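Peer 1: Residue strings, one per chain:
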Amino acid sequence: MKLMLHVAPGIVRHPLIASVILETQTLLNIERAKVDAVSGEIVLDVAPDKCRLVKEAFERRGVDVVLLEIPVIKDDDQCVHCGACVSICPTGTFKFDDWRVVVDSGKCIQCGACVAGCPHRALKLILK
Amino acid sequence: MEAKSLSEVNERIRDGSVRVVTAEEMPNIVDELGPAGAVREVDVVTTGTFGAMCSSGVFLNMGHSDPPIKISKAFFNRVEAYGGVAAVDLFLGATQPSEDQGMEYGGAHVIEDLVAGKSIDVEAEGVGTDCYPQLELETNLKLEDFNQATMVNPRNAYQRYNAATNTSDRTLHTYMGTLLPRSGNVHYSGAGVLNPISNDPDFEYIGVGTRIFLGGAEGFVMGSGTQHNPQNGFSTLMVTGDLKEMSPQYLRAATFHMYGPSLYEGIGIPIPILNERMALKAAVRDRDIRVPIVDYGVPRRDRPALREVSYQDLKSGMVDLNGKEVSTSSLSSFYHARQIAGTLKQRIENGSFLLTQAVQPLSKVGSSRPMKQTKEFPNVGDVMSRDVVTVRESIGIEDAASRIVGGKFDHLPVVSDEDKLIGIVTSWDISKAVANGNISKVSEIMTRRVYSARLDEPVELAARTLDTHSISALPVIDREGHVIGMITSNDLSRLLAGRRSH
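Line by line, the protein sequences are chains E and L. Read in the numbering used here, the first sequence has 951 at position 113, and its numbers run on one by one without any break. Read in the numbering used here, the second sequence has 239 at position 213, and its numbers run on one by one without any break.
Hints listed in this document are in silico derivations from the structure and should not be mistaken for laboratory results. Any given hint might turn out to be false.
Unchecked claim - As a list, the in silico DSS-like pairs of lysine-lysine whose alpha-carbon atoms are at most 27 Å apart:
1. E:945 x L:144
2. E:933 x L:144
3. L:341 x E:962
4. L:341 x E:912
5. L:458 x E:872
6. L:144 x E:962
7. E:933 x L:350
8. L:341 x E:945
9. E:933 x E:945
10. L:144 x E:912
Bear in mind that the values here come from a model prediction, so they are computed numbers and not experimental data.
Given only the sequences and the hints, what does the whole structure look like? Please build it.
Peer 2: Here is the structure:
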């Protein structure tokens, strides 16, 4: 499952992820990270059974954690099932099912490539 | 040899006994029954395609105002339409961006809004003549308010289309969609097995006057389209139809990010199976239709082809490019192409769509030559400075600073032991390093992702690279990657001002 971390300015330089990995003994994958001098936005992939453990560990360190349940939505009135989103997604969120584009939301890391790449403006990120 | 006539097929459509299949079903029928059996069993094969067709637009007649106006310039929802055809005839092109929203809303969106029944803001400027005194007007119009709204598309329904990838190191936004760097993906367009022309490549049926399915309505082939190139398997059609009869389901506006608006259109053509030859041609499969994958990372007309693939390969979702599995996806919709072929099949079966005898076959010879360019643009090599100073990454920043002071440029290209370009250092990088302290070597501050220009590329391309990345100078390299010069924004300004440096 995907967790979105919003890291506040005061703690952005702390080794937060490393300390959570050590504390929870959990394997996690950093799927997207944008960290600058003042803040950070990080998306992690964590096994469903460890999700709560990891979320709470980050929250104890002052990180705002959001579970990304439906990170991206497709407007089916606008979608023409062309497939322009399929090959540009780094995580394989979109695929053809009998030539209809279907979305596996669980894979989305909210990079936004598909939003700009959709010629019909049918995709939106649900930002939390 | 089995054969039948077009009037026999139309007779069967009228009496309801016609046998229609889609072009997707036809190959297996021919495999099973042979061409003679297929002629006996199948009367019509329906095709369909649904994709971005930029070369499209609508002639609109607004009727005369009082006092009358001879329109020189007109805007529909702030999208300019061409006013150089008589007083109140206008041509609205699909790719024209709007004045206020830019490429997010364009001619295609106006067409989509009209077909959806929405009201459009019209602003017009007049010439002002004795017979047409009105100088400007504003009004709101719906599709029904126009006398005529006739779609005329100069180039539609390409027989097949080159697939696209990008070997450069930055993401490209093109009319072939988002192309990821280092061949991160392949995009393609076209319906393959369902493509109209691929099922009648020698125009045994399709010709001037052929009745077609266009945007949900009945349309007609006017002739071959622009860039029609049947010798090389890239035939196109020029088509027309009544916009008032069209449906929003088959006409969809689109915007390609950082490229512009385009119109997705549905086109379907029925092909009668009059003889065994036509049956064999309509049995074409995805694997028989091949296209090159071309490299859009090369911003030139003659983009290199990396390899040739079939639509079957492209539709599989993965192709091999130089030993690497690369994900493919389409920009056209096969889902809608199928629906169009299916809808056309129903219309023929229920007797509401008759086939036509072409007035004249389409030409088997076309032209898609490159542009004749009479004004020569200089190449980078004509404009660049050759007295460039390069450094190795191991030298100290004091040394680098003195070379910048002693040389012509604020930029020092950094080269490897083999004299190949590996980075660049600017006077700003050095100032920053001095301000921060404790940095001593060029290798610690140089930018390794360095943009460069080639000796033999047009200055236009170098100018775009400078502009895209907001930089002011580019090292010029030869084919081996050796730095042989420098081109700066100053060189380009001098060129525009008409004063060459040498």
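Peer 1: Would you mind marking each hint as holding or not holding in the structure?
Peer 2: Right, here's what the structure says about each hint:
1. A threshold of 27 Å between alpha carbons decides the hint, and for residue 945 (chain E) with residue 144 (chain L) the separation of about 38 Å lies outside it, so the pair is violated.
2. Between the alpha carbons of residue 933 (chain E) and residue 144 (chain L) the distance comes to roughly 34 Å, so the proposed pair goes past 27 Å and is violated.
3. Between the alpha carbons of residue 341 (chain L) and residue 962 (chain E) the distance comes to roughly 26 Å, so the proposed pair stays at or under 27 Å and holds.
4. As the CA atoms of residue 341 (chain L) and residue 912 (chain E) are separated by approximately 22 Å, the hinted pair is consistent with the 27 Å bound.
5. For the proposed pair residue 458 (chain L) and residue 872 (chain E), the alpha carbon gap of about 24 Å is at most 27 Å, so the pair holds.
6. Between residue 144 (chain L) and residue 962 (chain E) the CA atoms are separated by roughly 25 Å; this keeps the pair inside 27 Å, and the hint holds.
7. For the proposed pair residue 933 (chain E) and residue 350 (chain L), the alpha carbon gap of about 20 Å is at most 27 Å, so the pair holds.
8. At roughly 22 Å between alpha-carbon atoms, residue 341 (chain L) and residue 945 (chain E) fall within 27 Å of each other, so this suggested pair holds.
9. At roughly 12 Å between alpha-carbon atoms, residue 933 (chain E) and residue 945 (chain E) fall within 27 Å of each other, so this suggested pair holds.
10. With a CA separation close to 24 Å, the supplied pair residue 144 (chain L) and residue 912 (chain E) stays within the 27 Å bound.
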